[in-house]
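Colleague: These are the residues of each chain, in order.
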Amino acid sequence: MQVNVRHKGSITILDIEGKVIGIDALALKEIIDQQMVIADSEAGNGGKLNLILNLERVQMMDSSGLGTLIASYTAIQRNDGRVVLLKLGGNVRSLIVMAKLMTIFDCYDTEAEAIGHFL
Amino acid sequence: MGERTEQVITLSLPSSMQQADLLEAVVAEILKETNFAEDIQERIHLAAIEAGTNANKNDNRARPSEQATFQLTLTDDELTINTVADTEAFKHKASETEQAIELSLPSSMQHVYLLDVVVSEILRDTDFAEEVREQINLAAIEAGTNAIKHGNKEDPHKRAIILFYLDDDKLTIVIEDEGDGFTRKEVADPLDPENLLKSSGRGIFLMEAYMDSVIYEADGTIIKMVKYKETPQLP
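Sequence lines, in order, name chains R and B.
Per this note's numbering, the very first residue in the first sequence carries number 1; after that it's consecutive.
Per this note's numbering, the very first residue in the second sequence carries number 1001; after that it's consecutive.
Certain hints may be false.
Pairs of lysine-lysine residues, derived as DSSO-like cross-links and limited to a Cα-Cα distance of at most 27 Å, are as follows [unchecked claim]:
1) K100/R / K1185/B
2) K19/R / K1032/B
3) K1198/B / K100/R
4) K29/R / K1149/B
5) K1032/B / K29/R
6) K19/R / K1153/B
7) K19/R / K1229/B
8) K1224/B / K19/R
9) K29/R / K1224/B
10) K1149/B / K19/R
11) K1185/B / K1224/B
12) K29/R / K1153/B
13) K1224/B / K1149/B
14) K1198/B / K19/R
15) K48/R / K1185/B
16) K1032/B / K1158/B
17) K100/R / K29/R
18) K19/R / K8/R
Calculated directly from the structure, the hints in this document are not laboratory data.
Bear in mind the structure is a predicted one, so any value in this text is a computation, not a measurement.
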């Protein structure tokens, strides 16, 4: 798994590529936690994280990967931040549908729409 | 000097399979987890191809029902590949129509990726639909994760054994761990509204959703999962 971190204004975008399974799911959680700490230390956005997870190039995700999405969602919400999912790739959509989480996550098909969520 | 860590992974497969390819894929995945220099990786890689080809040619050609077993020993600075002649180690005899592949792993989460590799290789030349292959792959990963993490509690001295039986119409996967087991009925339903936002507890749910049947034996230390090429018609 590879993760690229980029910023657009006050929004953090993670481009995730490869297989989000096993220990890579934990690694992704650590990267997101790190971004929460960075957001918290920057007063600019009131210390909250506005996060877009771009899943377009995710080939495969297991229950650990889904667990990371959920744990991140609840942690970021708790800090008044928001997280949205962009371009559900691989098996991610069916995983989220099966786990009955479609109503929990805001999912978008284009980056412009995902950014629009925060405006 | 700290304790020298040694991890032994064994792979057993019938000589009728493209075992050189499977061994090569497994070795390539193990090498990804190491910091070996590129030229050493290349040499190990070639040795793996040779070991796979030789086992087929020399040992088992006359006895196609025999298994070829490879023992891969990984330390901090080397990976050794042994071809085990004594197939007594392979206890799970397959029936005439089946091909049996056994993978035995020390309980470390980094080895879960090997399941992905082995399942992909086994299914490569079969006519399982692409979407179905992905489901089998994920079910195997979930079961392997359960065995290593929850069953064996990542104790490297305990092993997870994964058996694959490939038949004309189906693939059966049997996963054994050395843990205390569990009771299926006591596992919380992840679709229960109060569990929806829990970050864990979906592994078994996904295995059961992706496979045609999942059976728990020996107090939950053995899980047997079956996927048919054609979805079976319920009576």
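Colleague: All hints, please: hold or fail.
Modeller: Results for each hint:
A C-alpha spacing of about 21 Å is found between K100/R and K1185/B, which places the hinted pair at or below 27 Å, so the restraint holds. For the proposed pair K19/R and K1032/B, the alpha carbon gap of about 14 Å is at most 27 Å, so the pair holds. With a CA separation close to 12 Å, the supplied pair K1198/B and K100/R stays within the 27 Å bound. For the given pair, K29/R sits about 18 Å from K1149/B by alpha-carbon distance, which is consistent with the 27 Å threshold.
Of the pairs offered as hints, the one joining K1032/B and K29/R holds, with about 22 Å between alpha carbons and a cut-off of 27 Å not exceeded. In summary, the hint linking K19/R to K1153/B is supported, as the alpha carbons are separated by about 23 Å, within the 27 Å threshold. About 25 Å separates the Cα atoms of K19/R and K1229/B, which keeps this hinted pair within 27 Å; it holds. The suggested pairing of K1224/B with K19/R holds, with an alpha-carbon distance near 25 Å, which does not exceed 27 Å.
The straight-line distance between the Cα atoms of K29/R and K1224/B is roughly 31 Å, outside the 27 Å bound, and the hint therefore fails. Under the criterion of a C-alpha separation no larger than 27 Å, the hint pairing K1149/B with K19/R is consistent with the structure, at around 19 Å. A hinted pair counts as satisfied when its Cα atoms are at most 27 Å apart, and K1185/B with K1224/B qualifies at roughly 17 Å. For the given pair, K29/R sits about 21 Å from K1153/B by alpha-carbon distance, which is consistent with the 27 Å threshold.
Pair hint K1224/B plus K1149/B holds up; C-alpha atoms about 18 Å apart against a cutoff of 27 Å. Pair hint K1198/B plus K19/R holds up; C-alpha atoms about 22 Å apart against a cutoff of 27 Å. Between K48/R and K1185/B the CA atoms are separated by roughly 41 Å; this puts the pair beyond 27 Å, and the hint is violated. Restraint check: the Cα-Cα separation between K1032/B and K1158/B comes to about 23 Å, which is no more than 27 Å; the hinted pair holds.
Annotation: proposed proximity of K100/R to K29/R holds, straight-line Cα distance about 21 Å (limit 27 Å). Restraint check for K19/R and K8/R: satisfied, since their Cα atoms lie roughly 25 Å apart, inside the 27 Å limit.
The structure fails hints 9, 15 (numbered hints given earlier, in ascending order).
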